[in-house]
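Position chain B relative to chain A; hints supplied.
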Amino acid sequence: MSGVGIVLISHSRALAEGAADVALSVCQDGARVIGIGGTEDGQLGTSLEALVSAVEKADDGAGVVIIADLGSSVLTSRSYLADPSYAVPGVHLADAPFVEGAVAAAVVASTGAPIEAVLAAAEEARHARKS
Amino acid sequence: MPASPESAGTTLQVVLGADLHARPAGQVAQVAATFEAAVSLLTGGRSVDGRSVLAVMGLGARAGETVTVWADGPDAARAAAAIAQVLNAAAVSH
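Same order as they appear, the protein sequences are chains A and B. Be aware that the first sequence starts at 1, since it is given in our numbering, and climbs by one per residue. Be aware that the second sequence starts at 132, since it is given in our numbering, and climbs by one per residue.
Excised from the complex, chain A in its bound form:
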């Protein structure tokens, strides 16, 4: 499928993959959503190499929105974007809540919308009220 790709990065692989599952379920597998997290030996942590490879996998030319959960997930994403040897044009870090942003971005990406719209949907997700 063509369209904007979404990479979810967390300290926890289970958290990232679970959020990706929820997003894929709501958009009915209509978008590419990849969840990454944890270190190679299965501990909590983040890996720049894993992010590089996930972004490559998620990108079909329409761009990639990265959604990070906390702390070093955000720092790793920023390092990736700041490093000219990795970063490719059209990759953006969303200022968005992790699960809600993933769901909103996936649904909009599944409609074939451009990256600006996908990024905006992720960032607007912070306004979703729960009480």
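Think of the hints as simulated: they come from the structure by calculation, not from any bench. You may find that some hints are simply not true.
[What the hints assert, rightly or not] Once the Cα atoms are required to be at most 20 Å apart in a straight line, the calculated SDA-like pairs of lysine to any residue come out as:
(1) A:130 - B:189
(2) A:130 - B:152
(3) A:57 - A:18
(4) A:57 - A:38
(5) A:130 - B:175
(6) A:130 - A:97
[As the list claims (entries may be wrong)] Footprint (simulated), chain A over chain B, 3 or more residues, beta carbon under 8 Å:
(7) 159-169
(8) 194-208
In this text, a Cβ means the ideal position worked out from N, Cα and C, and glycines have one as well.
Just chain B now, kept in the frame of chain A:
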């Protein structure tokens, strides 16, 4: 911004056969995005943009409640009908 429900447009009412959960909300947003018309869902005195999956989910609409689908734009009639169909189908599939 969805236009005001008080202005002209197409209105359809659907009595939900099932709670408006995440997956049907996702379908509503996906279908709404295929039309030029602005689409709003109204229930319990609240109105939300049909293209926002989180807003549609956030309505918290339950089985038995009436949801008004309102569309405004050149393809409003088709848009409202398509959204109503999604809501009806969601009821059946649950």
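Going through the hints against the structure:
{"no.": "1", "hint": "A:130 - B:189", "result": "holds, 7 Å"}
{"no.": "2", "hint": "A:130 - B:152", "result": "holds, 14 Å"}
{"no.": "3", "hint": "A:57 - A:18", "result": "holds, 18 Å"}
{"no.": "4", "hint": "A:57 - A:38", "result": "holds, 18 Å"}
{"no.": "5", "hint": "A:130 - B:175", "result": "holds, 16 Å"}
{"no.": "6", "hint": "A:130 - A:97", "result": "holds, 13 Å"}
{"no.": "7", "hint": "159-169", "result": "holds (count 4)"}
{"no.": "8", "hint": "194-208", "result": "violated (count 0)"}
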